[in-house]
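Visitor: Chains as they are written, first to last, in the numbering used here: chain A, 1 to 112; chain B, 1001 to 1109.
Some hints could be false.
Some but not every residue of chain A turned toward chain B, in silico, with C-beta under 8 angstroms [as the list claims (entries may be wrong)]:
hint, residue
1, F26
2, G43
3, L44
4, E45
5, W46
6, Y58
7, Y94
8, F99
9, Q104
10, L107
Source of the hints: derived by calculation from the structure; they are not laboratory data.
Glycine residues also receive a C-beta, built at the ideal position from the N, C-alpha and C atoms.
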Amino acid sequence: VQLVESGGGVVQPGRSLRLSCEASGFIFSSHELHWLRQAPGKGLEWVAVITNDGSKKYYAESVKGRFTISRDNSKNTVYLQMNGLGVEDTAVYYCAKDFDDWGQGILVTVSS
Amino acid sequence: AGLTQPPSVSKDLGQTATLACAGNSDNVGAEGAAWLQQRQGHPPKLLFYRNNNRPSGISDRLSASRSGNTASLTITGLQPEDEADYYCSAWDYGLSAWVFGGGTKLTVL
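Bound-form chain B, shown alone (with noise of 0.2 angstroms):
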């Protein structure tokens, strides 16, 4: 089984989105989920580990999160450039796999 994510969040310009990600106590509960943001056309690229660290270059409007078994992805301050496929993911220690959410499609009106 995979994480599950909403498939569609929609906000405004200069607005706040926080896209979530929920698991179990195998996965997101037991080390947490890095995200990817993946535009379209283009690789994915990763956002956080997941000890909710940000790579070099990652804008620091963007932030990750763990509560419990859920993860979540906050961007602040949305610009045009933040319309993209959002994917968390997380090893999961009862599968011993990797497993993905189905993706959160972020637009920004």
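Just chain A, with the same shape it has in the complex (with noise of 0.2 angstroms):
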């Protein structure tokens, strides 16, 4: 199994950044796929998920209405949208699959 964040990089507060996470090793449209972070010094925090099929997704209370969640089947890929983009943003993000395989994670500084 394998998961590979890509899209990070430094931005400015107020825009917005798209996070991909491509997918290998398993049958990608059988899972369910996680986004978490973790700011710098600080413990891990859930995003968002989405389910196998893209039907239903979840956030966090503090994303909820910025960022978005979604998934291609087709590409083994899911993706994190991110607008209104803050300082409190600026963490590792990363991708997961049920909890029991992550990606490497990938750093997004929001910053001026």
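Dock chain one against chain two, each of which comes alone in its own frame, and use the hints as you go.
Guide: Have a look at this one:
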């Protein structure tokens, strides 16, 4: 199983960013996919989850209305569209399959 | 509201550590808690599913249990490699969201 995040970087407050997570080594369309994050020196924070067929999506209160999770089962990829970013969104973002497989994480820094 | 974990636990090499995770009837009390380990500079690693089953490859020195709204992770025969941050997590039916504890830093002396 491999999960590889991309799309991170430095972005100004108020701007948008889209993260991608490309998966391999398992039947992608059979599993829920999560995004989680970890601010520097802080604990893990769950961000969002999408069901295997994309029909249901759930979000942490801290990102509801700003972030959107989606997936393309034909591309084995899950996405996180992040709008209205604030400095509090600075973190390493991880994608995870059912919490039992994780990507290496990608850093998003929100700074002017 | 998230789950509650003690910020730190310190134990001697070879001893037993029990890490607690307190929730409520909407989360831990409903379906239990998963446990994850995170070593410095690495992504988290699942230790136990919410049903207290261990993924393959996880040492049998580790065990998980639940009593009411509190979940526990027990590590026997502590080794230097057990030094890490440990997180519990549960689905919260009231919030329709996953909630995490703040993590416990385990130090092996």
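Visitor: Each hint needs a verdict: does it hold in this structure or not?
Guide: Checked hints:
Because the closest C-beta pair between A/F26 and chain B is about 14 angstroms apart, greater than 8 angstroms, the hint is violated. Below 8 angstroms, beta-carbon pairs count as interface contacts, and A/G43 has one with chain B at about 4 angstroms; its hint therefore holds. For A/L44, the shortest C-beta to C-beta distance to chain B is roughly 5 angstroms, which falls under 8 angstroms, so the interface hint holds. The closest approach between the C-beta of A/E45 and any C-beta of chain B is roughly 7 angstroms, which is under the 8 angstroms cut-off, so the hint is satisfied.
Residue-level restraint check for A/W46 holds (minimum Cβ-Cβ distance to chain B is 4 angstroms; threshold 8 angstroms). Taken as an interface hint, A/Y58 checks out: its beta carbon lies about 6 angstroms from the nearest beta carbon of chain B, inside 8 angstroms. The interface hint given for A/Y94 is met, as the beta carbon of that residue sits about 6 angstroms from the closest beta carbon of chain B, less than 8 angstroms. Look at A/F99: its Cβ gets to within about 5 angstroms of chain B, closer than 8 angstroms, so that hint holds up.
Hint status for A/Q104 relative to chain B: holds, with the closest Cβ pair at about 6 angstroms, below 8 angstroms. Violation of the interface hint for A/L107 is found here, the shortest Cβ-Cβ separation to chain B being roughly 13 angstroms, above the 8 angstroms cut-off.
In the structure shown, a violation is registered for the earlier hints numbered 1 and 10, in ascending order.
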